[in-house]
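Undergrad: Keeping the supplied structure of chain E fixed, place chain P upon it in accordance with the hints.
Which chain is which? The protein sequence lines are E and P, in order. Under UniProt numbering, the first sequence has 596 at position 596, and the numbering climbs by one with no breaks. Under UniProt numbering, the second sequence has 279 at position 279, and the numbering climbs by one with no breaks.
Hints are computed from structural coordinates only; laboratory data are not their basis. Any given hint could turn out to be false.
Which copy? The list can't say, so a pair holds if one copy fits it or any two copies do.
[Unchecked claim] Derived EDC-like pairs: lysine to aspartate or glutamate, alpha-carbon spacing no greater than 16 angstroms straight-line:
| hint | residue 1 | residue 2 |
| --- | --- | --- |
| 1 | Lys501 | Glu67 |
| 2 | Lys34 | Glu537 |
| 3 | Lys449 | Glu601 |
Number of protein chains: 2
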Amino acid sequence: MGNADYVNDTENSTHRVAIPPPQPFLKSLNNALKETLFPDDPLRQFKNQPPARKLVLFLQYIFPILEWGPRYTFNFFKSDLISGITIASLAIPQGISYAKLANLPPILGLYSSFVPPLVYAIMGSSRDLAVGTVAVASLLTASMLGREVNASENPALYLHLAFTATFFAGVFQAALGIVRLGFIVDFLSHATIVGFMAGAATVVCLQQLKGMLGLDHFTHETDVISVLRSVFSQTHQWRWESAVLGCCFLFYLLLARFFSKRKPKLFWISAMAPLTSVILGSLLVYLTHAEKHGVQVVGHLKKGLNPPSIMDLAFGSSHLSTAIKTGIVTGVIALAEGIAVGRSFAMFKNYHIDGNKEMIAFGMMNIVGSCTSCYLTTGPFSRSAVNFNAGCKTAVSNIVMAFAVMLTLLFLTPLFHYTPIVVLASIIIAAMLGLIDYEAAIHLWQVDKFDFFVCISAYVGVVFGSVEIGLVIAVALSLLRVLLFVARPRTLVLGNIPDTKIYRNVDQYPNTKNVPGVLILEIDAPIYFANSSYLRERLSRWIDEEEDKLRSSGESNLQYIILDLSAVGNIDTSGISMLQELKQNMDRRGLKLALANPGAEVMKKLNKAKFVETLGQEWIFLTVGEAVGACNFMLHTCKPKPTTDETEKWSNNV
Amino acid sequence: MGNADYVNDTENSTHRVAIPPPQPFLKSLNNALKETLFPDDPLRQFKNQPPARKLVLFLQYIFPILEWGPRYTFNFFKSDLISGITIASLAIPQGISYAKLANLPPILGLYSSFVPPLVYAIMGSSRDLAVGTVAVASLLTASMLGREVNASENPALYLHLAFTATFFAGVFQAALGIVRLGFIVDFLSHATIVGFMAGAATVVCLQQLKGMLGLDHFTHETDVISVLRSVFSQTHQWRWESAVLGCCFLFYLLLARFFSKRKPKLFWISAMAPLTSVILGSLLVYLTHAEKHGVQVVGHLKKGLNPPSIMDLAFGSSHLSTAIKTGIVTGVIALAEGIAVGRSFAMFKNYHIDGNKEMIAFGMMNIVGSCTSCYLTTGPFSRSAVNFNAGCKTAVSNIVMAFAVMLTLLFLTPLFHYTPIVVLASIIIAAMLGLIDYEAAIHLWQVDKFDFFVCISAYVGVVFGSVEIGLVIAVALSLLRVLLFVARPRTLVLGNIPDTKIYRNVDQYPNTKNVPGVLILEIDAPIYFANSSYLRERLSRWIDEEEDKLRSSGESNLQYIILDLSAVGNIDTSGISMLQELKQNMDRRGLKLALANPGAEVMKKLNKAKFVETLGQEWIFLTVGEAVGACNFMLHTCKPKPTTDETEKWSNNV
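Okay, chain E solo, but in the shape it has when bound (with noise of 0.2 angstroms):
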């Protein structure tokens, strides 16, 4: 199509460009706020309901067993039956090993695994989520509170500051759900969780290495160079007999896994396989009486049900602000964890899950947790797939779970006295290797690698400083990028795809042509304060070097700048005024200014701000092709008018 066509086309195609009509500003307030807030719109099905109808939805909201126990069926129980006990034999051993690893006394890994998961099935929305405690949270709550209190020292402190750690997690947690800021949680990226993650699960594996050589001191600090230092410091002190049982049991239980993910159908060895360890490990401790040859053991566990702990909670404690940032900390970390688990899993089964309404639910468990001797929980990943390939159908294999685990706490928490800390040790590091994703980075760096240097970030900290210190740096590394994002947009220049009237980016189409006299630029971001002095300086140096290129090459003038504003989602005033100079500047150099396709939000802020009259309406485009086919136009029937040099009269004026 030539240029020709573009001046026969312009007089009948031009369409104006729409001002959205005036909104009060109450309800365009109040629109926003219902977007940034509720994005899910979660009072739509009150709607135009009789109130008794609106007291049972809500009920419902709050409680969603109300709403799918009435459904519940015979055949649905034999499902949450035997993924219950599947769930429990994991649940087990590992809530006793993530205790440790928070130095807290191993009967606390049984008691929450007990209450949670009873008051998640009530409230929680998610139908394969298998709640307990994660390696994450427990290490976390070891070194922020190790740091203030010594465990070993003074326990009943260490616990008292851990159960109020965890109240104001769930208070946390809770508070984050019901003011619905929910998407805080969005900006731990995924980038971020691999690599924190990884880092998390090395660290996790590094403090195993005290159970597995049977050391009985150990540096408190959690970086790499720390423990090696420690581990290798003592040598001497290392002792044979766990590490070869140790080793034994870590080869065990990777190769159950092994299997287990060669034939999904075989789920159950590797579930299993956390329980077998350990009574076969503490049969073997039993019968050789190898508690006195080196093996540390697991030693005697009190029986019965969770005691009540809510006096516990050490609000008077002058160690309070340390209780609070931990919980604060270990509750993002805990929630962002459980929700993406919620969610995943409620993708592969097609049913919806409320962010909002999730993290009330964890609020609730972990405050009632928090006052019957429980700490930290939340939805491992590893704990839920387990219950997920075991055919679960609701929340009631929690509940299973959790009369199991009660069953343990009455009756059986004598057959753990032999149980060696070794194979917890083993247990947690086969769960932990599972946690580095190294595939997952090698995706990161084949597609964005500022992902994956946000990732080794995350894991570099972790690692060599803190689990804290690693996540500041990639939270604050995943924010800079999005700052950059809006403070660097770039500016592309668009050109013709022969033979249409569509106009695209010619680094990206090749194959585009320039139209003479015109440079077409599209700017691919929202043009605010911090980004407006940028693209005042970048539009005019792309025009600046367009002028060089064409001077050099003898071709016409440049006549016209058309800005597609297609991308530019908002405008602010500096943005405005960045408009206003840019046309100020090219009305002295004697250049014509053409926009094509604001939004409406930019086009409502133009209008007001008086900028649509300055450029004139007759200057803004529906469409980049509008735009060119009048320039065109006037290429062709005014006479071409010389750039005024006033450029260069300024700039030779001294």
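TA: Showing chain P alone in chain E's frame:
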């Protein structure tokens, strides 16, 4: 154009969306860094030049005076002489006033108008900027240093800390310029500055009540409540002589400004008014001996040029951290004002200012200043405007001003002995009232409510809290807005503009028509970790709502979803996962997903992540029009598939 046309078009008009060729990693990293840190390509002029020329260019780059100096003419000098003398007449009384505001010896105000302008004249690239001290930075110095050291009890330490703060302000400013992080200043948006300046002006005016009422004791706080309490708790101390004198001079100054504003030719009336006020006031006091009747005077000013102060820099002081903090905060504020002023006048006269280079000039000016008994200087708006109106041509006007101040320092300081403080107070108030730009605030309200909110927050923060609180609130709100934009992108439904192949937002263009069976959505922000969860939910909700609507109206089923990615500037791995999940989810519901116009960066990443394969290259279109065409072609040639109601199957599962 009916559907039939689309079908006919589909075959021959579809264009492939290009996947940009892969770039070597180091090359793309290099490009990205260059665009981020060197958007103005400062090395462009050095390319292809012989070494000797390069050296000359380099020296001219560092010292712009070498560039314009040789072309300087006598005609320029005549203009610069007049403007230089004009700004000197403003600089002398303002300098004394602002130094008093900073709780520093008044003579420092004169020192600061001597050395820094000379440095700037050599290194600065603005032709219109007049260098001097500013009220806001003076007040900030007083409030931040005053919290640590009492200026009246320990004047020497206070003075040394002020020099040290100036030194660090200079170092910080120069460092920002050298590492090319000048864009940090851009994060102070126009709205922030309007609110902040108005707040600071209000606070400064309130501080002048001390001088106006002739009070001896005054609060060290700057917030309105403390100040008013301090003023009204000592009503018996008010001196009516002082107040009457002050009001008269204030009236005179405001009247002069009023006339100058109405006739820009009379700018000199306003410019000279402060000096005539000082002369009149001093004469009045000298003749009536008013200093013995409650009118405070400046008192003795030392004769002679700036003494060196390099040995006074208090690097070893225990208050060093306060000095550094003060330096950084005042340095950034001063930089923001100076750069903005330089840029606005450069725009008027159409020459270019390199922000990073200016920062180095400001930094050097303050480093040299701190070694020669000057405190923080920048390019104040009022003085530069007078300079501009007086017809200055180059930075020589700053040199003229410096010489005029030098002569004053050498010979005229005794004349200021009887200058009444109250006259200085009215000079400050008159200058500050001009900074309260309520018209700009009204404009913000009309154009952009959020900007207005930021502006008012800054104002309220400064007036009721402190200068730093106001600043922190405003910057945090501005950043929050950028983050919110990314965290909550808008998703727009597009419709067909009748008789075209153009698709636009149905809210902005009410005459658009839906395409039966096809839902077209546009995302107007990059898809990042911060918004991918939100987009996942929001897109599902659009689809749900559309299906509900079609079902209730009995229309044909929804079959195609077209995502217009024109405005999606970038995507990260979280965003790609979101698209993959969306695709899976839609497959399960029997819907087809098509993408329209993904950009180069997005296409590259989708390809690397194998999403292009998963989706099928044939489902990625260059324009929405082509995508709709293809969908319509399928709808009419293939027999419509019933939507497999897997959704319902799943949700009835329990």
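Undergrad: Could you run down the list of hints and mark each one as holding or not?
TA: Here is what the structure says about each hint:
1. When the C-alpha separation of Lys501 and Glu67 is checked against a cutoff of 16 angstroms, the pair qualifies neither within a copy, at 55 angstroms, nor between copies, at 47 angstroms.
2. In this assembly of identical chains, Lys34 and Glu537 lie within 16 angstroms of each other by CA distance solely across copies; the values are 14 angstroms between and 37 angstroms within a copy.
3. Within a single copy, Lys449 and Glu601 get their C-alpha atoms only as close as 33 angstroms, which misses the 16 angstroms cut-off; across copies the closest is 12 angstroms, which meets it.
Violation of the numbered hints given earlier is confined to hint 1; every other hint is satisfied by the structure.
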